[in-house]
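J.: Sequence:
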Amino acid sequence: MFANLRKLVDMQKTVEKKKAALAFILVTLFIDILGIGIIIPVLPELIEHFVGGNTSLAGWYVGVIGASYALMQFLCAPIMGALSDRFGRRPVLLAALFGLGVDFLIQGFAPNIRWLFVGRLLAGAMGASITTANAYIADISTPETRARNFGFVGMMFGLGFIIGPSLGGVLGGINLRLPFFTAAGLALINWLYGFFVLPESLLPENRNSLSLAKLN
41 MFANLRKLVD
51 MQKTVEKKKA
61 ALAFILVTLF
71 IDILGIGIII
81 PVLPELIEHF
91 VGGNTSLAGW
101 YVGVIGASYA
111 LMQFLCAPIM
121 GALSDRFGRR
131 PVLLAALFGL
141 GVDFLIQGFA
151 PNIRWLFVGR
161 LLAGAMGASI
171 TTANAYIADI
181 STPETRARNF
191 GFVGMMFGLG
201 FIIGPSLGGV
211 LGGINLRLPF
221 FTAAGLALIN
231 WLYGFFVLPE
241 SLLPENRNSL
251 SLAKLN
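Mind the numbering: the sequence shown is residues 41 to 256 in my numbering, read in order.
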């Protein structure tokens, strides 16, 4: 009787841990997408300020910086995935989230276009952790909950793109750099939360060795 009761309690604890982990992952995905949307209203004006009001040149930089962000995600996504397969999901996710928070601070304090460009490159690299977040959800999902959990992922993407530009417009009306600092604060607070509640989802026996072929 007591053995069955203990087993039931352990199962309940496992369920609660998975719920907390899922909540963290979903918030992380939301912040990743929010970080894209929140700067959309202020980025053109900030870049125009950096290039001395040259609208044509500012438009060119907006395109280049946007493409560079996407390029870094494209290049770093398989690397993030391979690292998480080797070292586990938790360290990769936490490192990327902390890096994203620091990176938003770099962008917020950027004194010129070069630093802003570097910041967006780093943001693209850190945002590539979306692949690891999806892998984490696959790890903790059962066949019965997998479709629902990935449905939540789609919902976070939608919310991020809805709330991000709206929030960025409001905050940018106060100060052009405020959206960056807000995104940094959200990322670092979530990192601190994840540091305490996020368990590892990939068992050591299921991890793969790291090779250049897997990074290709």
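Source of the hints: derived by calculation from the structure; they are not laboratory data.
Treat each hint with caution, since some may be false.
For each label pair, taking beta carbons as the anchor points, the in silico distance ranges come out as [claimed, not checked]:
hint	residue 1	residue 2	range
1	K57	W155	37 to 47 Å
2	R154	G191	33 to 43 Å
3	G209	R247	40 to 50 Å
4	N174	S249	16 to 26 Å
5	W155	T185	40 to 50 Å
6	I203	V102	29 to 39 Å
7	I203	K59	35 to 45 Å
8	S96	S249	21 to 31 Å
9	P151	L115	25 to 35 Å
10	H89	A187	26 to 36 Å
11	G209	K57	19 to 29 Å
12	W100	N246	43 to 53 Å
13	F127	E56	17 to 27 Å
14	N246	G191	21 to 31 Å
In this text the structure is predicted, and so the values were computed from the model without any measurement.
All C-beta atoms in this analysis are idealised placements derived from N, C-alpha and C, irrespective of residue type, glycine included.
J.: Each hint should be assessed against the structure and marked as holding or not.
T.: Cross-check of the supplied hints:
1. K57 - W155: 37 to 47 Å: Holds, at about 40 Å.
2. R154 - G191: 33 to 43 Å: 41 Å, holds
3. G209 - R247: 40 to 50 Å: 44 Å, holds
4. N174 - S249: 16 to 26 Å: 22 Å, holds
5. W155 - T185: 40 to 50 Å: Cβ of W155 to Cβ of T185: about 43 Å, so the range 40 to 50 Å holds.
6. I203 - V102: 29 to 39 Å: 22 Å, violated
7. I203 - K59: 35 to 45 Å: 23 Å, violated
8. S96 - S249: 21 to 31 Å: Violated, since S96 and S249 (Cβ atoms, about 50 Å apart) do not stay within the stated range.
9. P151 - L115: 25 to 35 Å: With Cβ atoms ~27 Å apart, the hint holds.
10. H89 - A187: 26 to 36 Å: 46 Å, violated
11. G209 - K57: 19 to 29 Å: Violated, at about 38 Å.
12. W100 - N246: 43 to 53 Å: 47 Å, holds
13. F127 - E56: 17 to 27 Å: This hint holds: roughly 26 Å between Cβ atoms.
14. N246 - G191: 21 to 31 Å: Roughly 25 Å apart at Cβ, these two residues keep to the hinted range, so it holds.
Comparing the model with each earlier hint shows violations of hints 6, 7, 8, 10, 11; every other hint is respected.
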